[in-house]
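These protein sequence lines map, in sequence, to chains F and E.
Everything in the first sequence is counted per the working numbering, starting at 53 for the first residue and increasing by one.
Everything in the second sequence is counted per the working numbering, starting at 1338 for the first residue and increasing by one.
For the record, the hints were derived by calculation from the structure and aren't laboratory data.
Among these hints, one or two may not hold up.
Stated by the list, open to error - Here are the simulated DMTMM-like pairs of lysine to aspartate or glutamate, each with C-alpha atoms no more than 20 Å apart in a straight line: (1) E:K1436 <-> F:D101; (2) F:K94 <-> E:D1375; (3) E:K1436 <-> F:D111; (4) F:K157 <-> E:D1375; (5) F:K94 <-> E:E1361; (6) E:K1381 <-> F:E57; (7) F:K74 <-> F:D136; (8) F:K157 <-> E:E1435; (9) F:K120 <-> F:D79; (10) F:K74 <-> F:E108; (11) F:K157 <-> E:E1395; (12) E:K1373 <-> E:E1435; (13) F:K89 <-> E:D1422; (14) E:K1373 <-> E:E1395; (15) E:K1377 <-> F:E57; (16) E:K1436 <-> F:E131; (17) E:K1378 <-> F:E54; (18) F:K89 <-> E:D1375; (19) E:K1359 <-> E:D1407; (20) E:K1381 <-> F:D111; (21) F:K110 <-> E:E1435; (22) F:K157 <-> E:D1422; (23) E:K1378 <-> F:D136; (24) E:K1381 <-> E:D1407; (25) E:K1436 <-> F:E54; (26) F:K123 <-> F:D101; (27) E:K1378 <-> F:E57; (28) F:K74 <-> F:E131; (29) E:K1408 <-> E:E1361; (30) E:K1436 <-> F:E91; (31) E:K1373 <-> F:E57; (32) E:K1378 <-> F:E91; (33) E:K1381 <-> F:D79; (34) F:K120 <-> F:E108; (35) E:K1373 <-> E:E1361; (36) F:K120 <-> E:E1435; (37) F:K123 <-> F:E54; (38) E:K1346 <-> F:E91.
It should be emphasised that the depicted structure is a prediction, and the values quoted were computed from it without experimental measurement.
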Amino acid sequence: GENVEQHPSTLSVQEGDSAVIKCTYSDSASNYFPWYKQELGKRPQLIIDIRSNVGEKKDQRIAVTLNKTAKHFSLHITETQPEDSAVYFCAASWNSGNTPLVFGKGTRLSVIA
Amino acid sequence: DTAVSQTPKYLVTQMGNDKSIKCEQNLGHDTMYWYKQDSKKFLKIMFSYNNKELIINETVPNRFSPKSPDKAHLNLHINSLELGDSAVYFCASSPQSEKAFFGQGTRLTVV
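Please put together the full structure from these sequences, using the hints given.
Here you go:
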């Protein structure tokens, strides 16, 4: 089955700096890669996703890149703000079937004002 | 008009008891899931249902029994609760193995 590795497990940045979180996946059949943000005591919420036919996607300060050959994808947050502090999860799945999302172990991002 | 709702939000119970968590989605999704989030925040799939049919049952003790009366509901019943069952349980739904929408979670504490 799919295995998703995520690094780093914790990340501290100064407000205004960029943050990068990286994930690798094992199953070459996976073709859908979402990122979730989970604030303390809240549910995980989808912030951006990318499919395997696209190499990069951007939404305001958030961008995701995908390298299918290397089987890795990354989340980039620019101009970080204190409200970006949360746990971020990457995930992978094969959306042609009924396979559930397999999550990485999460990255706790702290943005220091 | 919450998309995925689960109840209760908090559940404190003694070892050996049986408890249920309910989940409902009003998004019209065909697929629903139960995830367990442990103290280290790891989100691990437990069950996956598609149109009321069990698709995936990960290595979960048979004390955990999901039930889907219709495709909008997926409940989780747990027998003979153990200390190690303490975690946050999230229900989720998705249109087809993507864009999973999560419920607010149920924090289960077994004492």
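Problem set entry | Hints violated by the structure (numbers, ascending) | 13, 16, 20, 24
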